Each structure stands twice: as C-alpha cells, then as structure tokens.
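Protein chains in written order, with our numbering: chain D, 8 to 791; chain S, 190 to 314.
Derived by calculation from the structure, the hints in this document are not laboratory data.
Any given hint could be a false lead.
[Said to hold, decoys possible] Result set (BS3-like, lysine-lysine): computed pairs, CA atoms no more than 27 Å apart in a straight line:
1) S:K289 with D:K571
2) D:K594 with S:K214
3) S:K214 with D:K233
4) D:K316 with D:K740
Predicted model only: the values in this text are computed from it and were never measured.
The primary structure of each chain is shown beneath.
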Amino acid sequence: MKTIICFIFAAFYFVPLHAQYKVTFIVKEKTAIHHDSIYVTGTFNNWDSTSNRNYLMHSLPNNEKTIVLDLKEGPMKYKFTRGTWLNVEKKEDGSEVADRAVAIMRDTTLIDSIERWRDEMLIDKWYALVNEKEDTSRIKILTDLATAYAFQTEYFNADSALFYAQTALQLQQKIMSSAHQKIEMHLGYINQLISLQEIVASLMHSLGNYPKALELRFENLKLAEKERDRFIMAQVLESISNDYVSMKDYRHVLSYGKLSDSILQNLNPADPRFPETKWNAYAAIENAFFNMQELDSALYYANKMAVIKSLPFPLGYLASANGLLADIYAEKGENKTAIGYYKLAILNSNDYWIAKVDAGLARVFQKEGHLDSALLYAKSALTFYQTQTKTVQSWGENSNYFIAEISPLVAELYKANGQLDSAYKYLHLSVVLKDSLYNTDKVRQFQTLTFNESSRRQQLEQQSKEAKQDYDNRVRMYGFISIITGMLIFAFILYRNNKQKQKANILLQAQKQEIETTLSELKNTQTQLVQSEKMASLGELTAGIAHEIQNPLNFVNNFSEVNKDLIEELNAERLKPNTERDEQLEKELLNDLKENEEKINFHGKRADAIVKGMLQHSRASKGIKEPTNINVLADEYFRLAYHGLRAKDKTFNAEMKTDFDDSIGKINIVPQDIGRVLLNLYNNGFYAVSERKKVEGEGYSPLLSLQTMKSGNNITITVKDNGNGIPQNVVGKIFQPFFTTKPTGQGTGLGLSLSYDIVKAHGGEIKVETKEGEGTAFIIQLPV
Amino acid sequence: MKILVVDDEEDVQALFLQKFRKEIKGYEMEFVFAFSGEEALQYLQTNEHGAVLILSDINMPGMSGLELLRLIKERYEKPPPRVMMITAYGDDENYNQAMKLGADDFLTKPVDFVALKEKLKAKLV
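Could you build the full structure based on these sequences and the hints that come with them?
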C-alpha cells in the first residue's frame, strides 16, 4: 500500500553569521540507474539533521549532474547516498559510506560520484530474477522491483514500475489459468494480487489517470472482500477515497473514509497496521469535511488524528495533523492560531507537507494583506510541485493536481501586484491543467465506475437485508399470532363470564388457571419457534452434508440399475444357441457386473461413514460438565477422525502417536464439546499432513501425535502434526470465524473459532505453535 | 455426437459408459469426461468444436458448474455448445441462475437416464 508520509527531515532555518558561499557539487553517476535527485547528509556548521534530505540535481553534459547549495564558511563533512535516514546505504563489506571532509572558504566546486555498488538493491534483484525459475518466487521479485520503482523516491520510474508490475500480473494470471484452484485460494496469492494492483493503481493515480486507478482499487475491494482480510479492506477503501479526493467528489471521500473507519472499529488495535490505517481513515473523513466546509467536524477528526498512538513515525504524523489543524483554523479565519499550527507542522515534516504548509501560509498571508509574503510562499509551493514531480509521484500523487490548486492563488497575487502578464500566465496554466485532469471523459468514466460499484454494493446489502427481513417478518408474525390468540381467549372468558354470573368466582378461578396454562403454552411455542429458527440455520449448514450423502446414494441406485440391465443382457445372451453366444461379451458383462458391485459397496460405505460422522458431530451437547477421562475421550476421537478420513480417501494414511499421562484421572468438562474441539484439531492435522504428502510423495512420512500432560492445576493436550506449518501472515487469523485455507466446500472456516469459544468457556486456553515447513502444534490448556 | 460430461465424481464416467453402452457401440454418441470445471475448459480450449453438448454438474470444488457455464457462453460465441446443467440441489436459485447464464437445460440428480437419453437423441436430430 502506498504511504504518503515518508518522513525525511527537511527545511533549513538559519541566521547568517558567517560569509555565505556557493558550493557546487558535480555528481558523476557510475550506476545503471540515473536519478533526478539525491539524498545528502552532512555535518557542518550551518547544517543540522533537518537538512538531510533529497536534493534535486540538474543535468550537465557527459552524464554529470549538479547541485548548488548556499553554505556558510567553515569545515564540512558530507556524503551522497541513495538511501534515506530510514535505510542507510551500506558498502559491499557492510560498512557505512564514509563522510567526505572539506573546508569551505570561497565559492567551491566539489566533484563526487555515485558508485556502481549502490545499484545493488536493484541489481541483486535482477540477478535473482534471471536465476529464479519458480513462477511464484519470480512474482515476488517482480513485485519488489515494481515497489522500489513505484514508491522509493530515489528510484522512482513509472515506466519500469509498470513494466515489472504488469509482468508480475501476467505471470500470476498464467498460474491462475493453468494450475488448479488451490493456488488461487491460497491467501498469500490474493494479497499479492492486491498489492500488485495497488502498485499499478497508485502509478495510474500519479499519472493523473484517476478512473483507471479507481477501477483497479474497486477490483482490489472485491478481492479483499473475498479474502475477508479486513485490514486490507480498510486500506483499499482509503485508497479509493483518495481517488475521489483527486476528482473532488467529497461525498464519496466521506462515505469511503467512514466505511474504512467502521471496519477498523472491529479490529484489534494492537495490530501493527492499526494506527496508520486508522490515521488514514480519519484523514479521509477530515479531508471530506474540510472541503465540504463542515469545519467543526473536520476539526473534530483532525484533533483525533493528533492523538493516535503508536504510529511508525510519531513526530511526522503529528506534524501532518498540525498542518491539517492549521488549514482548518485558517479557513475559520483564526489566522493567528493557524500560523501557530503551521509553525508546528513544519517541524519534522517531509517535503510533501512543507509544500502544503507553504500553500497554507500563502493563503493566510493573503488574507492578512501581506501580499509579498503570500506570493513568496505560494511560489515556493508551486516551484516544489513543478520541479519535484517524481517525488510527488512516488507518493502516489500527481503534481498537476497541486499545481492546478495553487496557480490561481499565484495569479491572484500577481494581479494584486499589478503584474497582469504573470497573472494571466498562471491562470491559463490552471485552466489547462484542470481541463486535462477533469475533462468530461474522465468525469463520465468516474461516474460509471461509481455507479457500478454502488449497484454492486446495493446488491450485497439487499441480500443481507432480505435475509434479515425474512427473520424479522417471521418473528413479527409469531408475535401477532400470540396476541390474537390471547385476545380470542380473553373474549371467550368475557363471554363465559356474562353467561354464568352465578358461578363467577369458581369459574374465574378456573379460567385464571386456564389463562396461565395457555400463556405458558404460548411461551413454550415461542421457545420452540426460536429453536426451529436455529434449526433452520443449522439446516443451511447441513445442506452441504446432505449433498455429500445424496451423491453416493445416487451411485448406489444407478449402478444397481445398470446391473439389472447387464444381467438381463447376459441372460439374453445365454438363451442363444451355443454357436451364436458371444463369449467375449459375456466375459465383459460379468466383469462390469463385478466392478459395479464393488462401486455399489464403496458408495454405500461412503454414505454410511458420512452419516456416522454427522451423528457423532450433531449429538446435542447437554452443556453439562461431567467428570470425564480425557485420555479415553481424546483417544476415541483420534481414531474416529482417522477412520473418518480413511473412509473418504483410501489412499490416505498417517502414523499416529499417543502419549497419555495416566495421572490425570477424571476432569470436569463437557465431553461432547471438548470432543468436537479435538476432532477438529485432528482433522486439521490430518489435512495438513495429507496436503504435504501430496506434494512431497514418497520421501515424507505423515505423523500426527497426541499428548496429554498434567502440570499443577492444569492439564495440557497437545495435537502436533509434521505438515507444512501455517504461514506467518496467516497465523493471526486462524481463530477468526469463517477463516479457512481449504478450498471452497472443504471447510466452513468455523472449526477453530468454535474450538476457541469452547475452550474459553471451559476457562482454558488454546494456543498454536507453528513453523513453516516443519509442522504445527495446537496446545489446549484446561483447568482441572 | 460428442458429449462432454463434467463432474467431480469420477465414477460418473463408468456410469455413463455403461448406461450408454449401446449408443457408444453404435457410434451414435461419444463421451469425453472432465473431473473439474478447469479441466473442462482446458479440453474446450484444445478442442474448440470438440463437444456439441456439455453436461455439467453444478456443485464442484474450485470452479463451479455455473462459473463454467458462464465462461463457455462468453468465450465460445459461435456457435456456443449446448450446455445442460445437472445438480443435486434442484432449488429455484440454481435453476434461475443457470437459465440466466444461458443453460440449455436443467436436470436434477438422481438423473433419470431414460429421460436424458430421449433428450440427447432429440438433440441429435
């Protein structure tokens, strides 16, 4: 995902004490990649760490480039690197690049070079690419290259980034169409696809092609929804809102920002991605409110942004939030407060925010009547956007957008100054750019995309609404029925009352009783109805299982019918005179008969196994804890799981090891529930080893081991497999409901989440230890 | 007439070969089998006009029968092969969706082979 905020210390503020000299650096690039800007770090008497940043270079003949800096006299140390303060470039031997020491006493020209080894970051990847034959690994390398070219300011090159991203996408499509669905379903795969498409989207956005960017991000949204990775969903929504910012459709900016925020409300704030994603969601909402002139709401969100904790570069984010606050106060006309915040914003800011602050200050000074200062700041912002287009692009933004924003201000200021020529020039520039950015074609494309997406969303909502309405209607109907029944009974009582006044007392007594029983019956009915509602949802789950049974039963019926036909044919053949009998045909028929019988038997057993498994599983849990021998229970389900799988897949086999601690005795648990947990862990384990077996074949022997142990007041049950292990990026999600890595139809994704709930309800804990390529162990801890 | 049968249950092959034993012997019909939607698409890609009629199960792991139906009707425009859908779930939603995607017929499991044979023969003419 794109991160706009890439903090590089910047800006100089210094008071001239010594004489100033022009220092011209001539940089020879001995590298494969040529740069427009270079990162300069240094220590000298007019230079502090905020001056360490990217400086634009101007081209000279002979592949040389130059930077000219105004520096005070005195000693200086400096170096050029292509890293930033975040990733300091290292030499081949791992040592840092040394500083060069020079004394400045007059206007000076220094010759420097960027050495070839600095290409390593990219060159390594190229070599890797050439040597890597495995498509999935090639995709990873191509993605890295595309990321470097798209998002690293020093390497930014839209063509190269697009080339690598598209090559990776093509490769991925190739895999998708040739290999079977497992790769497609694999988690990393979809995330990879999303990040590749985000690279292309960001590039498209940075090139001003907002509709294409939006289209790709909508595709990403669909993928993320399918994937159910809600962090990625939130991030995609934020990118989408950014496309709408560029098209100035703030209503949609707001709705996508809020959507992202509402997703984040259900996510774990301890997740490392949380603070930044939250920040971006608030930023979208703030931006929308600000531009819709709802300044108090904007203020509310900007203040919330300023207090988000645990951001990756806290000072930088704080500076950005201050910049937004300043903009709001400026818009409210509280110029003093605004200037105060702008001053705070400029500390620890990167170039992107400094340009924004310059633009903001220009507007404030204009209002205050300091037109000269206003023009100075406005021009400074404009110059940044005009010269540092690639820097802006590497943040996924388009310079023209900002230029179009600021040039009307510059024009106005020139006009006020009486410089009508310049005023016209900048006004014209703004018109031309706006026309290219927001021409009717683009607006139409944007509207079409927006419309398609909103109708897709409506369909999704409609579906869930219908389901809910259905349920509500039913509940309402039952309520209605019970009211009517109650009223009828009441009318009946009144009638009887009138008729038999004399026996009133006795009757009333009886009737009271009657009402009470009716009421309790009604209550019973109601509970039953709730229960049947539950059963209905259970029914949906079992539909899949019913299908599993229907299939083998169909085979049993079909093959037995075929056999009937075969026997008739055989009999007909046998009735023929001996000379006409076709021995070969008879043999064939008999052989088919035998094979069909085997098939009938096989499918019969298959249905049998499924039914048995279902009964085991749906045996209603009484929810009552009873003293249970955990060793016996664990062993019983261990074998059940094994035979269940063997029944389904004859080729499946695995070694089973058990190690029981006999000192455990009986512990208080709900046996059906814990049994379900264990069954689930066994099934997962067997699945993991069988998946690995499929890939590795003979050289690998599947093993599932079960261990129980008592330690203090706890018992632990460990189910350990030697399968493929769980990838690191997935481990955090396995206990979430509906999360599954199995292909559709093979897992509901509810097993582990139910297990988690059951173990929690027992006051215990369930943990997972896994190592990719070595296996997984699930450890259940229960209090005795 | 070549018929492509798509079903993830491998025994379907044996079943069809025996149920249509006479037709196959008499060269009236020829059957090819694919055990997944992906495999079916692969077959169609290498044998573009290889199958006049496709019988596909709906509920399959990976690419579903409906997905396959959609792809076939999208990719093979003229003339698209006839596609009959077979499913154990005879519900309206499956039916409506199959029809919307351009299915030529819709059968429910267990398949009535007598009726199927008649239908296939009718389409032969």
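* For the pair we were handed, S:K289 and D:K571, check the Cα-Cα distance against 27 Å. => violated (39 Å)
* When you check the alpha-carbon spacing of D:K316 and D:K740, does it fall within 27 Å? -> holds (24 Å)
* To do: Quickly compare the C-alpha distance for D:K594 and S:K214 to 27 Å and report which way the hint goes.
  => Within the cut-off at roughly 17 Å; holds.
* To do: Quickly compare the C-alpha distance for S:K214 and D:K233 to 27 Å and report which way the hint goes.
  => Measuring from Cα to Cα gives roughly 47 Å; hence the hint is violated.
Taken one by one, the earlier hints fail for this structure at numbers 1, 3, listed in ascending order.
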